[in-house]
Amino acid sequence: MNAIGDEGITPRCTSSFTGGLITGLAVMLPVGTIAWVLDWFRLAGVVFSTEQFLSGMLAVAFPLVFLSVPAGAGRARTDRIPWYDIVAAVTSFAAAAYTAIRVSGLSELITARPTDGMVVGTLMLLFIIEGLRRTAGNALTMVVILFVVYTLVGRWIPGMFQSRPVTLGQLFYYLAWDSTAILGLPLNIVATVVVAFILFGQMLQKSGGSDFFGDIAIALMGRYRGGTAKVSLVSSALFGTVSGSAVANVMVDGAITIPMMKRSGYPAHTAAAIEAIASTGGQIVPPVMGAAAFLMAQFLQIPYTKVCIVAIVPSILYYVALFAEADLEAARRGISRVEESQIPRLWTVLAAGWFFLLTWVVLIASMFWLNFLPESSALIAAFVIAIVSVVFGFKGKRLRLSDLLETLRASGLGSLDIILIGAATGIVIGALNISGLAFGLSLALTQLAGGNLFLLLLMSAALATILGMGMPTAGVYILMATLVAPALVSSGVNPIAAHMFIFYYGMLSMITPPVALAAFAAASLGEADPMRTGYEAMRFGWAAFVVPFLFVYSPTLLMIGNPFDVTLAVITAILGVWLVAIGVVGYFVRPLGLLQRVGFAVFGLLALIPADAFPGAVWTDVAGVLGGVGLVWWEVAWRRRVRLDAPVSVSSSE
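The opening residue of the sequence shown carries number 1 in the numbering used here; numbering runs sequentially from there.
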């Protein structure tokens, strides 16, 4: 989910008329989602098919993109919108509106391919690609174009990657009018579930929720050593569950936390890296995760609540590692707590914004206990936020009608990129279906791995990282879920573990150089070297690179299995994460030498391995726990000896 936009969609400056038009279109997007989710259309006596609703959403999104987002990043944002953008806005609206009117009839004529269907279908394809380029960037756009080109030329590629013969007309008509392509599942999820949660996040932010989370983080963590880094971790995790966008999280939260960390003594690249990795992790923290989590629920045909449950332990391990490293890094550098004058009292913060916690209770209760759909739960929570913000207000500020209108506008503009990503993903899935590439790639990966699951996982992780360069997590996940997940499942991996694996590695592309959007955004705020920030973020986020391999071999870390095995795996994994963090930072009660660091890291990794990962793995747990405890005892004993041997200074008074 992207409440602000992974690359920060900033509307061009416009005249009052065009600005009003943009505002009207932006408001229509979340209002359309609300009307569809709450079934207002049917109550008004108007019945739409799902494909008609999705076409209608595109009819609003297309002109909004061409009127609000310039054709190039370097173009001047002036009051005058270029004539070609006006033409594109009008034409794209007409094409999408025609699709909404005629989709029922033309979708049944894929073999005949009438002229009007061909023309409108081609226009839809071109407008989606251009809109995607403007909102999501060049990387994902080139991937989509590559799949389209492959579908057309794949018949001449020898071997297992050879595709079925497909003509240009067949491809374009199929992509536009088949319900498994552009107007398929990804766009449906985005236009309902994701937009609803974007509205929830914007409502929470507009009512002061982000400030409340920041105050809570300072009140909870400010009094501990390295307090500024821990504040960043808590506030970024809390805000990340709302925004679901790593870059959006960095830009909002990092503007405050990165300067705080630098002032307390963290180097610029370390401060930026901590914010980047903390913000990236917000996408995996239940109950509100990134857009990819909602897509995962649909791919696996399981309730979203189950995705939340299996994500609990990996997200805990992720942030335990970050907290341990932030604490040890602060001890190594001698960084103390936040100044007392800057730390609010916890009860004062709760008294001012207790109702924000009420909205989380409503959201969780709606999804987990009342079994409402995620989109319905998000709208209920957003409604509760609006009511309590009007009645109580936060720090003396209450939501006004103009604030509600601005929230709808921001939600619409913030939805643009993910809506275009959903439509473009339909193009990729449609191309894979009609060409047969998905089966060929899965077969190729399986054969290259030669039956070695670890090698298959390594190739899958590398592919996710490469595909993820400059792409939003949702886009990476959908590609990997279509191309790679079948190979993992066919190799015996639990389907949920397979999809969680590719979800994690799609997310990690945000902090993995050479193209790491979240790390680079944080580096710009911290005035740090982007590449150095990316590598530092990888060092801090090592757990996210390791844990996915573990839950593939043992789904107990996904809370799948009997309670005893799950509990044992979680306890030993937490200990293992802490031990590895000591080895990575190189400090415990004193600076550690290379041999000691390796010892902590090795014993930590042994403890991390779940007891049922493979036959005899219980002994790796035993060795890791005993060895790690032994090293900890040795270091603590050394500290006691130093204290006992230290000379006692006696002061005499005359």
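Each hint should be verified, as a subset may be incorrect.
Claimed, not checked - Derived CB-CB ranges, DEER-like: (1) 267 with 401: 44 to 50 Å; (2) 48 with 524: 53 to 59 Å; (3) 333 with 41: 56 to 62 Å.
Claimed, not checked - No more than 20 Å apart at the CA atoms, straight line, and that leaves these computed lysine to aspartate or glutamate pairs for EDC-like: (4) 262 with 340; (5) 262 with 565; (6) 395 with 529; (7) 262 with 527; (8) 206 with 339; (9) 206 with 406; (10) 397 with 529; (11) 306 with 108.
In short, the hints are calculated from the structure, not lab data. No experiment lies behind these values; they were computed from the predicted model shown. Backbone N, C-alpha and C fix where the C-beta goes; we use that ideal spot for every residue, glycine too.
Here is what the structure says about each hint:
1. 267 with 401: 44 to 50 Å: holds (46 Å)
2. 48 with 524: 53 to 59 Å: Check failed, 43 Å falls outside 53 to 59 Å.
3. 333 with 41: 56 to 62 Å: holds (59 Å)
4. 262 with 340: holds (17 Å)
5. 262 with 565: Not OK: residue 262 and residue 565 at ~42 Å, beyond 20 Å, violated.
6. 395 with 529: The given pair, whose Cα atoms are some 37 Å apart, is violated under the 20 Å limit.
7. 262 with 527: At roughly 10 Å apart (the allowed maximum being 20 Å), residue 527 and residue 262 satisfy the hint.
8. 206 with 339: Violated, at roughly 28 Å.
9. 206 with 406: holds (9 Å)
10. 397 with 529: At roughly 39 Å apart (the allowed maximum being 20 Å), residue 529 and residue 397 break the hint.
11. 306 with 108: Measuring from Cα to Cα gives roughly 36 Å; hence the hint is violated.
Figure legend: structure checked against the earlier numbered hints; hints not met, in rising order: 2, 5, 6, 8, 10, 11.
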